[in-house]
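Enquirer: Sequence:
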Amino acid sequence: MQSLNVVLSLLIALGLDFVKDNHPEWEMQSYGMMFVLAGTSGLIGSSILASTPEPKKILPRENLFVMLRRPLKDPNFRRLLVFNSAWCLR
160 MQSLNVVLSL LIALGLDFVK DNHPEWEMQS YGMMFVLAGT SGLIGSSILA STPEPKKILP
220 RENLFVMLRR PLKDPNFRRL LVFNSAWCLR
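Going by the numbering used here, the letters in the sequence shown line up with residues 160 to 249, in that order.
It should be emphasised that the hints constitute simulated quantities derived from the structure, not laboratory data. Think of the CB as a built atom: it goes at the ideal place given N, C-alpha and C, for glycine as much as any other residue.
Ranges of calculated distance between the beta carbons of each label pair, as one might list FRET restraints: (1) 224 / 187: 51 to 61 Å; (2) 196 / 234: 46 to 56 Å; (3) 247 / 210: 33 to 43 Å; (4) 242 / 187: 41 to 51 Å; (5) 241 / 185: 50 to 60 Å; (6) 201 / 174: 11 to 21 Å.
The whole structure should be built from the sequences, with the hints applied where relevant.
Expert: Pasting the structure below:
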């Protein structure tokens, strides 16, 4: 997917350079069309993502506080919390 982004970005850049060199009067309209197309594709992508069904979540019948304490028993997770706290204080 990322390679598609790179290819499309290069094609758009080359197209805009072509318009700028050969038809400078269409330069601003080209940028405007680029933003309209990007916004439209973003809205279409968002609507497709919104229609994706979510998997059903099965919640265990366990005490909430027991579930919240379970990660704190892991020493690697506690080290991650210490590192993250130190990073945020920076």
